[in-house]
Amino acid sequence: MIEIQNLNVYIKDNHILKNVNVTLPEKQITCIIGPSGCGKSTLLRTLNRLIDTTEEVRLEGRIMVDGQDSLGHDAEVTELRRKIGLVSQRPCPLPMSIFDNVAYGCRINKMFKKRRELIYHVRQNLRAVGLLDEIKGRIRTPAARLSIGQQQRLCLARSLAVQPAYILADEATSALDPISAKTVEDLFVKLKEEYSIIMVTHTLRQALRIADNVVFMYLGEIIESGPAEQVFHHPQHELTQKYLAGAFS
Amino acid sequence: MKISNSKKIHENIAIIFMWGAMLIVFGLVISVIWTVFSKGMKAMSWEMVSSLPGGGFYIGKEGGFLNAIVGSLYIVGASTLLGLLISIPVVFFLNIYLKKGSKLAYAARMAFDVLFGVPSIVYGAFGFTIMIFFGLRTSLLGGIIVITLLIIPIFIRTMDEVTRNFPRDILDASFSLGATRWETLKVVLRQIAPGIATATLLSIGRAIGDAASVMFTAGYTDSIPTSLSQPAATLPLAVFFQLQSPIPEVVDRAYAAALVLTVIVLILSISGRFITNKFSKNKI
Amino acid sequence: MLVLTLFSVLFVAVMFVGLYLKSAPVLEGKSVWTLLTASEWRPMKGEFGFFPFITGTLWATMVAILLALPVSLLTAIYLTEYAKPVVKKFVFPALDILAGLPSVIYGVWGVLVIVPWISQRVAPHFVEFSTGYTVMAAGIVLGVMVIPLLVSLFIEIFSSVPKELREASLSLGATRWQTTRRVVLRQTLPGIMASTVLAISRAMGETIAVLMVCGCVIGVPHGLLDACYPLPALIANNYGEMLSMPLYESALMFAALILFVVVLIFNLLSRMVLYRIEKKNA
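Chains as they are written, first to last, in my numbering: chain A, 1 to 249; chain B, 1 to 284; chain C, 1 to 282.
With the rest of the complex left out, here is chain A:
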């Protein structure tokens, strides 16, 4: 479970996230929605501390991941990032073969001693995203040669291979064609049995289809959050109502 407590994020002099308090439940899909520029991506990048790579950033508050503060001084950032996988908007295969892409995280984290185990594990994860059969015999070819939809699933497999507990998805289907997008979306639904998934999306329809929980953000603040049913059908806040009615877009 991830509990965000009084989170404030400043980049240079801009107050990007304002006093964010929210709990992201386990083994469910939580969709973060809101107009672009509202801080959705920043929130996601704060969760796995990728935000550290931004210059002149300041974080305040606490993010409890399984009871440990991931913003604390003693937080193991690399371990945190292993535990919280990220699938970005545009698939980004590493400059190596399909196999090495999936094996990358395992090697980085020295997960296996025996090569046989590594091979088995890589194939397992490729199967989980439905790529194994599609790429038969091409597993040693450069990942960049895959179609963009396949690349996105490869990135998902790559994240799964390091055995995370959480998966962050930053508009993971928006760069894909409709069919690939559907495949990836279905994968997420399947994966929620084992993983807690936090998704940023700005297609409301997608959120409606798959979200168990919804967090609505506006201008760096969380306006409303709760079970999808409640937020979508009985929004409490006026802004949420307007957004759902399409007043912003």
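Please note that a few of the clues may not be correct.
[Claimed, not checked] Simulated restraints, written as ranges between beta carbons of each label pair:
1) Y82(C) with E249(B): 46 to 54 Å
2) A179(B) with L6(C): 24 to 32 Å
3) Q236(A) with G20(B): 53 to 61 Å
4) R138(A) with I3(B): 29 to 37 Å
5) L269(C) with R107(A): 32 to 40 Å
6) L208(A) with L185(B): 55 to 63 Å
7) I15(B) with P162(C): 18 to 26 Å
8) V263(B) with R145(A): 22 to 30 Å
9) S51(B) with L36(C): 16 to 24 Å
10) L6(C) with K100(B): 14 to 22 Å
11) G246(A) with W19(B): 53 to 61 Å
12) L185(B) with P70(C): 41 to 49 Å
13) K163(C) with R107(A): 17 to 25 Å
[Claimed, not checked] DSS-like mimics (lysine-lysine), calculated; alpha carbons at most 25 Å apart, straight line:
14) K280(C) with K100(B)
15) K12(A) with K88(C)
16) K12(A) with K163(C)
17) K113(A) with K8(B)
18) K8(B) with K114(A)
19) K12(A) with K89(C)
20) K84(C) with K8(B)
21) K163(C) with K280(C)
22) K190(A) with K27(A)
23) K163(C) with K279(C)
24) K182(A) with K136(A)
25) K279(C) with K99(B)
26) K18(A) with K242(A)
27) K83(A) with K190(A)
28) K103(B) with K280(C)
29) K113(A) with K83(A)
30) K114(A) with K136(A)
31) K279(C) with K103(B)
32) K30(C) with K45(C)
33) K83(A) with K192(A)
34) K163(C) with K84(C)
35) K83(A) with K8(B)
36) K110(A) with K8(B)
37) K186(B) with K99(B)
38) K12(A) with K84(C)
39) K27(A) with K182(A)
40) K100(B) with K279(C)
Keep in mind that the hints were calculated from the coordinates and are not lab data.
Using N, Cα and C, we set each Cβ at its ideal position, and we do this for glycine too.
Chains B and C: place on chain A using the hints.
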């Protein structure tokens, strides 16, 4: 936990090495500058930079190396002017008249990059053969020509880099507002002015410090040249020749000349950075 | 403008032809191969063997690159992957200064600092006596001179690696160093090699600084503590006397031609690689 520890150790070792590398770089800068300053200050005096070599200058008697300073200034000034006159049209041609992806532009850029890489001693040797071919002796003119050739690639490469990022929309905007070609040219010039300034400083730096090419072409003399056909002394050569002297006083004067040269180059480099900082952030 | 541009392009060819014509006399007598591999250098007798000078050039260049490469690589990695803006504010001007200092200043520094250091501190451990004017001194001075060039080229190619690639690696739990080693360096390997070739060609042509510290003894160097006599030094040292003998002049022009051709080829190759990287990046 164990794995993240070993990761951390590797990370820290890597960082220590990187700090080591940067300390080396800093150490080198400090070592070079300090060496030149501490040695050069000893023989440094007003006489050194304000008078010509006297009768017994090369056995340690009175005089200075004004000849080299003035010679260097003549050569650098003239070749910078010539270089600018030649390179600005070329840069305009490459960027404004030729379309993006033009073969000629590719070839030209390649040629300038190659010319930039050609060692100055080869320029010197080549310039020397040309001069002999035309029956010229070592002279101010020869030095100016060779240095001009040497710095043109620097001029063009540096200005080209700035101009290439120049938004062509501005041209269209300017034309569509009814501006003439000449007025548009002025707009462009204003845009790339900092580029020209940086390029000029870089070229001057290279021109004033280059010894290998002027050795062949400008020669060396104790007097200030009064015409283009007379040989001219230059600062780097003043350092080089005096350093070979067995007389300590003369060697000290080499250090003084080195100090003058270093100070000039430092000023150029600092002002260059000042200009680059003003218009672009992460370029070296 | 077209004429000026064309002329500049043609200038490369003109230079080659000029140097070739000048070196023709010495080429008439012997084949290129003989000239390059012979070790006898007796201008008075018309014997011109370039082997000692070529090996001298290679030795000094090799030492220079071996020293400069790790330092430049680590510095560039730190500056692109780790450094806060404050650090950059100090390091960039330092590199600027290194890049701007004239060759002759490095020569002075070499004579005052490196040469005595080698002769007093290093050499006594290995040989009985050394003046310090050695391959090692030439290599160190050259190495220092190519560091700024290498660092600026490296920074440019490292910056061409998309941020997303680094983030992909980081979000799998990789440290910065792991990311650098396994992703950034891997991705930029062609660029790193091209830059190194460029630096090699720069080091090969460097004249005055090397001339001042290399020892200028004709002979094939066999180790770091032997004196050497690289090609540029040969040309610069003999420019005065060569006029008296046409064949001697021709031999020196041939030395310039060798330098020109090698530098030309190296530059063409590495620039082509770097252009491609730049294009992909744009």
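Status of each hint after checking the structure:
1. Y82(C) with E249(B): 46 to 54 Å: For E249(B) against Y82(C), whose Cβ atoms are near 49 Å apart, the range 46 to 54 Å holds.
2. A179(B) with L6(C): 24 to 32 Å: 29 Å Cβ-Cβ, so the 24 to 32 Å window holds.
3. Q236(A) with G20(B): 53 to 61 Å: 59 Å, holds
4. R138(A) with I3(B): 29 to 37 Å: 31 Å, holds
5. L269(C) with R107(A): 32 to 40 Å: 33 Å, holds
6. L208(A) with L185(B): 55 to 63 Å: Given range 55 to 63 Å: holds, Cβ gap about 58 Å.
7. I15(B) with P162(C): 18 to 26 Å: Holds: the Cβ-Cβ distance is about 23 Å, inside 18 to 26 Å.
8. V263(B) with R145(A): 22 to 30 Å: 57 Å, violated
9. S51(B) with L36(C): 16 to 24 Å: 49 Å, violated
10. L6(C) with K100(B): 14 to 22 Å: Holds, since L6(C) and K100(B) (Cβ atoms, about 19 Å apart) stay within the stated range.
11. G246(A) with W19(B): 53 to 61 Å: Holds, at about 55 Å.
12. L185(B) with P70(C): 41 to 49 Å: This hint holds: roughly 48 Å between Cβ atoms.
13. K163(C) with R107(A): 17 to 25 Å: 22 Å Cβ-Cβ, so the 17 to 25 Å window holds.
14. K280(C) with K100(B): 15 Å, holds
15. K12(A) with K88(C): At roughly 18 Å apart (the allowed maximum being 25 Å), K88(C) and K12(A) satisfy the hint.
16. K12(A) with K163(C): 20 Å, holds
17. K113(A) with K8(B): It holds: about 20 Å lies between the C-alpha atoms, which stays within 25 Å.
18. K8(B) with K114(A): Since the Cα atoms of K8(B) and K114(A) sit roughly 23 Å apart, the hinted pair holds (cutoff 25 Å).
19. K12(A) with K89(C): 18 Å, holds
20. K84(C) with K8(B): With Cα atoms ~20 Å apart, K84(C) and K8(B) stay inside 25 Å; holds.
21. K163(C) with K280(C): Measuring from Cα to Cα gives roughly 15 Å; hence the hint holds.
22. K190(A) with K27(A): The hint holds at about 11 Å.
23. K163(C) with K279(C): Between K163(C) and K279(C) the Cα gap is close to 17 Å, so the pair holds against 25 Å.
24. K182(A) with K136(A): 22 Å, holds
25. K279(C) with K99(B): With a Cα-Cα distance of about 15 Å, the restraint between K279(C) and K99(B) holds, given a limit of 25 Å.
26. K18(A) with K242(A): 21 Å, holds
27. K83(A) with K190(A): Judged against 25 Å, a Cα distance of about 19 Å means the pair holds.
28. K103(B) with K280(C): 17 Å, holds
29. K113(A) with K83(A): 20 Å, holds
30. K114(A) with K136(A): 23 Å, holds
31. K279(C) with K103(B): At roughly 14 Å apart (the allowed maximum being 25 Å), K103(B) and K279(C) satisfy the hint.
32. K30(C) with K45(C): 14 Å, holds
33. K83(A) with K192(A): Roughly 15 Å between the alpha carbons, so the hint for K83(A) and K192(A) holds.
34. K163(C) with K84(C): 16 Å, holds
35. K83(A) with K8(B): Roughly 17 Å between the alpha carbons, so the hint for K83(A) and K8(B) holds.
36. K110(A) with K8(B): 14 Å, holds
37. K186(B) with K99(B): Holds. K186(B) to K99(B) sits at ~21 Å (cutoff 25 Å).
38. K12(A) with K84(C): 14 Å, holds
39. K27(A) with K182(A): 20 Å, holds
40. K100(B) with K279(C): Since the Cα atoms of K100(B) and K279(C) sit roughly 12 Å apart, the hinted pair holds (cutoff 25 Å).
Hints 8, 9 from the earlier list are contradicted by this structure; the remaining hints agree with it.
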